[in-house]
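Heads up: the sequence lines are chains A and B, in that order.
Each residue of the first sequence is one higher than the one before, counting from 1 in our numbering.
Each residue of the second sequence is one higher than the one before, counting from 1 in our numbering.
Each hint should be verified, as a subset may be incorrect.
[Unchecked claim] Within a straight-line C-alpha distance of at most 27 Å, the following computed DSS-like cross-link-like pairs (lysine-lysine) qualify:
{"hint": "1", "chain 1": "A", "residue 1": "13", "chain 2": "B", "residue 2": "303"}
{"hint": "2", "chain 1": "B", "residue 1": "303", "chain 2": "A", "residue 2": "318"}
{"hint": "3", "chain 1": "A", "residue 1": "219", "chain 2": "B", "residue 2": "303"}
[Stated by the list, open to error] Derived coverage of chain A by chain B (criterion: at least 3 residues anywhere in the stretch with Cβ under 8 Å from a Cβ of chain B; other residues may be distant):
{"hint": "4", "segment": "4 to 17"}
{"hint": "5", "segment": "79 to 92"}
{"hint": "6", "segment": "102 to 110"}
{"hint": "7", "segment": "261 to 275"}
{"hint": "8", "segment": "301 to 312"}
Rather than coming from a laboratory, the hints here were simulated on the basis of the structure.
We treat Cβ as the ideally placed atom computed from N, Cα and C, and that holds for glycine.
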Amino acid sequence: MEFDFTEDQHEIKRTAKDLLGKRSTVERVRSAAEAATYEESLWTELVELGWPGVAISEEHGGGGLGVLELATLLEESGYALANSPLLATAACGLAIQEAGSDEQKDEWLPKLASGEITGSFGIEGQTFPDAPDSDVIVVISEDGATGTVVATGDADVVEDVTIDPTRRYGTVGLGEGGDALPGDASAALALAAVITSAELVGVCTRALEMTVEYVKDRKQFGHPVGSFQAVQHRAAQMLLHTEGARSVTYYAAWAADADRTLLAEASALAKSSASKAGVEVTASAIQAHGGIGFTWEANVHWFYKRAQLDAAYLGGTKTHRARLTAIAAAASGSR
Amino acid sequence: MDLTFSKDEVEFRDELREWLAENSPGEEPRGDEDAIFAFRTGWQRSLYDSGWAAVHWPQEYGGRDATLMESAIFFEEMGRAGAPLPANVLGLLLAGPTIMAWGTPEQKDRYLTPILSAEEIWCQGFSEPEAGSDLAAVKTRAVRDGDDWVVTGQKVWTSGAQFSKWCMLVARTDPEASKHKGLSYFLMDMEQEAVQVRPLVQITGEAEFNELFIEEARIPHENMLGEEGNGWIVALTTLMNERSGLGFFLQVRLRQLLDKLVAEAVANGSIDDPVIGQSLGDMLERTETLRLTAYRGLSTITKYGQPGPEGSLTKWLWSETNQMMTQLAVDIVGPQALHKDNPWAYELLRARGNSIEGGTTEILKNIIAERVMGLPRK
């Protein structure tokens, strides 16, 4: 067993971090968010690097790598809070690749992989990331049992103004159009939950880093606040949430590629844990920053807001914990 | 990343499972400390006779040169089989590796084999009434007298002391030196009048731990481990081995308890109560997070030679989860879980010690904040 990335996977992750560190600084995230727009050149660059299609098969013009590699990109994208439709487009592509017919794959995957179009993905009637400006959407039924692929123009899309201005959102209903996905919609949902968890892990990692830096510097009563045990213990709790979510998210991404019998449980585990971590860690980051953390001027709130939307997307901790219990109860009955 | 076990790891597990199937230890007696000790001694003899007593030890000392992962597998399988810990668990996990690292050839010859065979049991004399997590505050004094050291002081939380032949003892040999520097590490013979053992009855009614009263005990100089004044460093070797592998035993036990609890909730229908369902989901999430984080920690050590941030988190996560889960059991099982003979009652009470023994959660959080995250000390 080796519970660590291969050298290639580390390299992908490092390269992504370096690139986004330069191209998606927190100042740029802020100005894009405040202008309620995306910086088009960033998406163009990510497309040129093949990010949207990294986990799409080479046959369909993608990179032919795994969910794990895609997850490392999303983690870094969450770390940088990059303003882009990467999560939505990747989730849409994974879903069509997972559950689509040959015709559906031929029609949509090459264009999604090349970045010619963008996609979105979500549960009917809920909030979809990047739906309004997308070209194609995969809509999963409320019970998670069936999926439909629909050209955005044929769907019922209403733009949502959410608390998270770093990303665009829309509520999607199926109109007249759409083409049923013949494959396993629940697997498509599980894959999307896994890569969303990866984004949350990145968000947590960054919020924690910002907090550690801040409490080392900020002095009160003549000492850095990071030397106070109450603050230290909060930071330790943030680390436990973050690293726990990381362990289970990497596990789920690995299961998606290597052992599908584990995927349903692993993805519920990842989304449950990462949603909890996202909400707790970013909230703690605001608290540890004190008054400044509550201001618009400080940057921690962007992370808190993204974490809230990601945590709620595809069901949060409670939804996925209920799923874990149902899986364990079924296994208990069959023993 | 590959989370499947390698061929060697699978073979190791299969061989052990087969051996366990043929050599089941049977049911451990309850309540009677002497009977439990006798049972665990027999179990260790059986492990020893088949070469399973200390898989993580080098072959030259009677081990199997097991990798960290194999050692984890060993403890997982022991937990899964419901096997008890061996009688000399502190000797195998702590004293043995410390002697291997610091002992003279004579010391290694003298002590290692009886540790393996459970002929000589070991206990750990580190904690004192006024030095719990703060080892550098040790007050027990050792004064040189010819070829001997004369030791006086008090130790506490010494598990298994009443059965022990030897004690890993940290004592102050230089009262003038600064806190860390005046300590030395001794191998103390427990079989002398000057060492008195008094059991500490804990909230479960058992006495796993003891107090040691040491009044001018004599330790020959040749029983010093490492150099004089080097006790702090030698003790760190012991502490670094403190949870090697054992964590995997504990977490498998945790999972078994959780599976029992889920079965109970299915049987009495409480699983359909969404509040219970949520709480069980939380426990499932925590238990799996613990298992996977522990494996990730092992991979990091194996690959990079040093622990990553995850390594310091598992004991905290385990103890908190065990406490929450045994509390949840009271809700699921009902008030009869609090009847003295109900196994959940014991688990509930015993779990209170988890966040204290081997370093309190508060101290662990300090360590994580300061050493892992680099926050300033006050």
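Each hint tested on the structure:
1. A:13 / B:303: holds, 18 Å
2. B:303 / A:318: violated, 36 Å
3. A:219 / B:303: Given pair residue 219 of chain A, residue 303 of chain B is violated - Cα atoms ~38 Å apart, limit 27 Å.
4. 4 to 17: With 4 residues close enough to chain B, the hint holds.
5. 79 to 92: violated (count 0)
6. 102 to 110: violated (count 0)
7. 261 to 275: Our answer is that it holds, as 3 residues pass the Cβ test (under 8 Å) against chain B, meeting three.
8. 301 to 312: n = 0 at 8 Å, threshold three: violated.
Going through the hint list in order, the structure does not satisfy hints 2, 3, 5, 6, 8.
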